[in-house]
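Enquirer: Each chain is listed here by its residues.
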Amino acid sequence: MTELDPVIHAQARLRVVASLSALPDRDQVTFPRLQELLGMSAGNLSVHLRRLEEAGYVAVTKTHRGRTPTTLIALTSRGRLAFEEYTEAIRALLAPAHTKETP
Amino acid sequence: MTADDDLPPENPAAALRLIDEQRATAARQFEPDPRAYYWPWGLAWLIGFGLHFLYFSPGDVPLVEMPSWLPLTTLFVLLAAAGAVSAVAGARAYGQVAGESAQRGAWYGWSWGLGFLTLFVLAGRLSDSLPPDLVGLLWSALAVGLTGILHMAGGAVWLDRTLFLLGVWITVVNLLGTIAGPGWHALVVAVAGGGGMLLAGLLGWLRRRGRQ
Chain A
1 MTELDPVIHA QARLRVVASL SALPDRDQVT FPRLQELLGM SAGNLSVHLR RLEEAGYVAV
61 TKTHRGRTPT TLIALTSRGR LAFEEYTEAI RALLAPAHTK ETP
Chain B
1 MTADDDLPPE NPAAALRLID EQRATAARQF EPDPRAYYWP WGLAWLIGFG LHFLYFSPGD
61 VPLVEMPSWL PLTTLFVLLA AAGAVSAVAG ARAYGQVAGE SAQRGAWYGW SWGLGFLTLF
121 VLAGRLSDSL PPDLVGLLWS ALAVGLTGIL HMAGGAVWLD RTLFLLGVWI TVVNLLGTIA
181 GPGWHALVVA VAGGGGMLLA GLLGWLRRRG RQ
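Chains A and B, in that order, give the protein sequences.
Position 20 (the first sequence) corresponds to 20 in UniProt numbering; numbering is contiguous.
Position 127 (the second sequence) corresponds to 127 in UniProt numbering; numbering is contiguous.
Please note that the accuracy of each hint is not assured.
[What the hints assert, rightly or not] Computed spacing ranges between beta-carbons, pair by pair:
(1) 6(A) / 79(B): 32 to 40 Å
(2) 77(A) / 172(B): 22 to 30 Å
(3) 72(B) / 50(A): 35 to 43 Å
(4) 73(B) / 91(A): 39 to 47 Å
[What the hints assert, rightly or not] A few chain B positions that, by computed beta-carbon distances, are all more than 12 Å from chain A:
(5) 113
(6) 142
(7) 175
[Claimed, not checked] A few chain B residues that face chain A, going by a derived Cβ cut-off under 8 Å, partial list only:
(8) 7
(9) 13
(10) 101
Source of the hints: derived by calculation from the structure; they are not laboratory data.
Heads up, the beta-carbon is just placed ideally off N, CA and C, and yes, glycines get one too.
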């Protein structure tokens, strides 16, 4: 059986990574917007983002928009690759079941 | 951190479902609703240019009597409303996103602004020396033509086929209307141009629903 990436193979982080993968390449989303999209608490999201950042899957940039400090979040290319590999692995696990259903 | 959301998905099927749902939700939020983007403009053209055709009709007599200020006022009010609706929809989708998309959007916005500034200055300079029916045609043919070209450019920037084809359609409709002359131009822009925008919004919306 394929080893599933433990960093992504957790419901909350999978949702974070899947959402970020929907952003176009080289785009970043603000922390509050991502939080709203996911419906997670700020503390909870921070914890998961830190874990993803440690794995090198997510880049967190602190910057300013005018005078307001802003945190911008994006998937790194490594994170995008890890997500694609995870999705492939999941599909591979499902494939035998599918071929049984459809003759 | 709550304990349960750190758990893995129950099984591969649940994981795949979660991925698909989350990606669809995010994509929907990161893109404005095509209806909010196209329909207000389509309605503004349909009604605004429609009234123009009915009042400033081909020939000398209006097809429908109405106060002379009504067609232009209606058009400007509806265009302003359409601008407001698509600005809100755009801000909702793009406001909290930074990076290349924001850069493209900002530069594209500048193209519209400077394009229409050029148009106003040019048409304003020419208006005094033309008969009234040609003044109307000059303004609307330039504005519709610029809109068509900028839609095509937008299609090229975002590789958006609907947007590009709509630009081609508007450009062709505008050329045909301009050749047909004052009055007729308003009719084809209202029906074919406005109708094209309504159709583009419908197609974009159906495609977006199909992705879910």
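Enquirer: Now tell me, hint by hint, if it's right for this structure.
Expert: Now the hints, each set against the structure:
1. Distance hint check for residue 6(A) and residue 79(B): the Cβ-Cβ separation is about 55 Å, which falls outside the suggested range of 32 to 40 Å.
2. A beta carbon spacing of about 42 Å between residue 77(A) and residue 172(B) contradicts the range 22 to 30 Å that was offered as a hint.
3. Checked against the hint of 35 to 43 Å, the C-beta distance between residue 72(B) and residue 50(A) comes to roughly 58 Å, which is inconsistent with it.
4. Between residue 73(B) and residue 91(A) the beta carbon distance is about 58 Å. The supplied range of 39 to 47 Å is therefore violated.
5. Every beta carbon of chain A lies more than 12 Å from that of residue 113(B), the smallest distance being close to 21 Å; the non-interface claim holds.
6. Taking the minimum C-beta to C-beta distance to chain A, about 33 Å, the non-interface status of residue 142(B) holds against the 12 Å cut.
7. No Cβ of chain A approaches the Cβ of residue 175(B) within 12 Å, the least distance being about 34 Å, so the stated non-interface status holds.
8. Taking 8 Å as the C-beta cut-off, the interface hint given for residue 7(B) holds, the closest approach to chain A being about 6 Å.
9. The criterion of a C-beta within 8 Å of any C-beta in chain A is met by residue 13(B), whose closest approach is roughly 6 Å, and the hint holds.
10. Interface restraint check: residue 101(B) against chain A, minimum CB-CB distance 5 Å, threshold 8 Å, status holds.
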